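Student: Residue numbers (this note's numbering), protein chains in the order written: chain A, 1 to 111; chain B, 1001 to 1118.
Think of the hints as simulated: they come from the structure by calculation, not from any bench. Among these hints, one or two may not hold up.
[What the hints assert, rightly or not] Per label pair, the in silico range of CB-to-CB distance:
| id | chain 1 | residue 1 | chain 2 | residue 2 | range |
| --- | --- | --- | --- | --- | --- |
| 1 | B | Leu-1026 | A | Thr-68 | 33 to 39 Å |
| 2 | A | Glu-52 | B | Glu-1087 | 35 to 41 Å |
| 3 | B | Ser-1015 | A | Glu-52 | 22 to 28 Å |
| 4 | A | Tyr-28 | B | Lys-1055 | 26 to 32 Å |
| 5 | A | Thr-68 | B | Gln-1060 | 38 to 44 Å |
| 6 | B | Lys-1020 | A | Thr-68 | 28 to 34 Å |
| 7 | B | Ile-1012 | A | Glu-15 | 49 to 55 Å |
| 8 | A | Arg-51 | B | Leu-1026 | 38 to 44 Å |
| 9 | B | Thr-1080 | A | Arg-51 | 34 to 40 Å |
| 10 | B | Pro-1040 | A | Asn-12 | 34 to 40 Å |
| 11 | B | Asn-1070 | A | Glu-54 | 35 to 41 Å |
| 12 | B | Ser-1089 | A | Thr-69 | 39 to 45 Å |
| 13 | A | Asn-7 | B | His-1007 | 41 to 47 Å |
| 14 | B | Leu-1026 | A | Leu-62 | 39 to 45 Å |
[As the list claims (entries may be wrong)] Only pairs whose alpha carbons sit at most 27 Å apart, straight line, appear in this in silico DSS-like list of lysine-lysine:
| id | chain 1 | residue 1 | chain 2 | residue 2 |
| --- | --- | --- | --- | --- |
| 15 | B | Lys-1014 | A | Lys-17 |
| 16 | B | Lys-1041 | B | Lys-1020 |
| 17 | A | Lys-71 | B | Lys-1020 |
| 18 | A | Lys-57 | A | Lys-71 |
| 19 | B | Lys-1066 | B | Lys-1055 |
| 20 | A | Lys-55 | A | Lys-71 |
| 21 | A | Lys-55 | A | Lys-3 |
| 22 | B | Lys-1014 | A | Lys-3 |
| 23 | B | Lys-1041 | B | Lys-1066 |
| 24 | A | Lys-71 | A | Lys-17 |
| 25 | A | Lys-17 | A | Lys-59 |
| 26 | B | Lys-1055 | B | Lys-1020 |
| 27 | B | Lys-1055 | A | Lys-63 |
| 28 | A | Lys-3 | B | Lys-1020 |
| 29 | B | Lys-1041 | B | Lys-1014 |
Predicted model, so just to flag it, every value in this text is computed and none were measured. No residue lacks a Cβ here, since even glycine has one placed at the ideal position from N, Cα and C.
Here's the letter readout for the chains.
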Amino acid sequence: SQKIEQNSEALNIQEGKTATLTCNYTNYSPAYLQWYRQDPGRGPVFLLLIRENEKEKRKERLKVTFDTTLKQSLFHITASQPADSATYLCALGTGRRALTFGSGTRLQVQP
Amino acid sequence: GAVVSQHPSRVICKSGTSVKIECRSLDFQATTMFWYRQFPKQSLMLMATSNEGSKATYEQGVEKDKFLINHASLTLSTLTVTSAHPEDSSFYICSARITGRASWDTQYFGPGTRLTVL
């Protein structure tokens, strides 16, 4: 069955460092992959989309890589700030169907 | 940017009652909206796909008679939890795609509705 794995343990880093979150998937051939931010009690907020034929995408302090051979995406936040503390979800999609979400990784940036 | 609203944001109800949750696209038209459910510390699980003017498509294991979805206009979809029970307590989130946009793969999410059934 399709499976999306994100590290369920919280990631704690120091302010200013680079946070790297991992999303692995199996039994899936996504056309695109997205990363979302979710704060407690709120809906997800779209951050970045990367397509299967793209290796890397950047947006300000965010960078996403997509390796369809390894079936893995890495999400980087450079120069992290306490305000970046949240749960980050990866989601895979094919065509016009709904997204399939991972369970998310909680990031805590210490001042 | 595209904004999706949900109402109410929180609802507490007694077991056996029905609860209606509204999902609105405020500044765009959405032919397709999605309803998700999220339990604490878990992933968003798709419940159903709502298409304007037609019947919703439910995911396996989701009871269509219990979770009634109506997508009567291009800006409004409603989810009614009928005869709610404590196990229906969850965080319900809707999302919408912009009709006709080239970036059809981007979904915009509502802020969610916290349902607590006593």
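Student: Quick one: are Ser-1015(B) and Glu-52(A) within 22 to 28 Å, going by C-beta?
Tutor: Given a distance of about 46 Å, which is not inside 22 to 28 Å, the answer is violated.
Student: Range first: 38 to 44 Å. Now tell me if the beta carbons of Thr-68(A) and Gln-1060(B) are that far apart.
Tutor: Given range 38 to 44 Å: violated, Cβ gap about 27 Å.
Student: Given the proposed pairing of Lys-71(A) with Lys-1020(B), does the C-alpha separation stay at or below 27 Å?
Tutor: Violated, at about 39 Å.
Student: Holds or violated: Lys-1041(B) with Lys-1014(B), Cα cutoff 27 Å?
Tutor: holds, 25 Å
Student: Would you check the hint for Lys-1055(B) and Lys-1020(B), treating anything up to 27 Å between C-alpha atoms as holding?
Tutor: holds, 17 Å
Student: Assess, step by step, whether the Cα of Lys-55(A) is no farther than 27 Å from the Cα of Lys-3(A), and give holds or violated.
Tutor: Distance of about 21 Å is within 27 Å: holds.
Student: Starting from the range 26 to 32 Å, see whether the pair Tyr-28(A) and Lys-1055(B) falls in it by beta-carbon distance.
Tutor: At roughly 27 Å between Cβ atoms, Lys-1055(B) and Tyr-28(A) fall inside 26 to 32 Å, so the hint holds.
Student: If I claimed the Cβ atoms of Ser-1089(B) and Thr-69(A) lie 39 to 45 Å apart, would that claim hold in this structure?
Tutor: holds, 42 Å
Student: Taking only the CA atoms, is the gap from Lys-71(A) to Lys-17(A) under or equal to 27 Å?
Tutor: Roughly 26 Å between the alpha carbons, so the hint for Lys-71(A) and Lys-17(A) holds.
Student: Would the pair Lys-57(A) and Lys-71(A) pass a check requiring their Cα atoms to be no farther apart than 27 Å?
Tutor: holds, 16 Å
Student: Do the alpha carbons of Lys-1014(B) and Lys-3(A) lie within 27 Å of each other, as the hint requires?
Tutor: violated, 36 Å
Student: For the pair supplied as a hint, Lys-1041(B) and Lys-1020(B), is the alpha-carbon distance within the 27 Å limit?
Tutor: Within the cut-off at roughly 24 Å; holds.
Violated hints, listed in ascending order, are 3, 5, 6, 7, 8, 10, 13, 14, 15, 17, 22, 27 and 28; each of the other numbered hints is respected by the structure.
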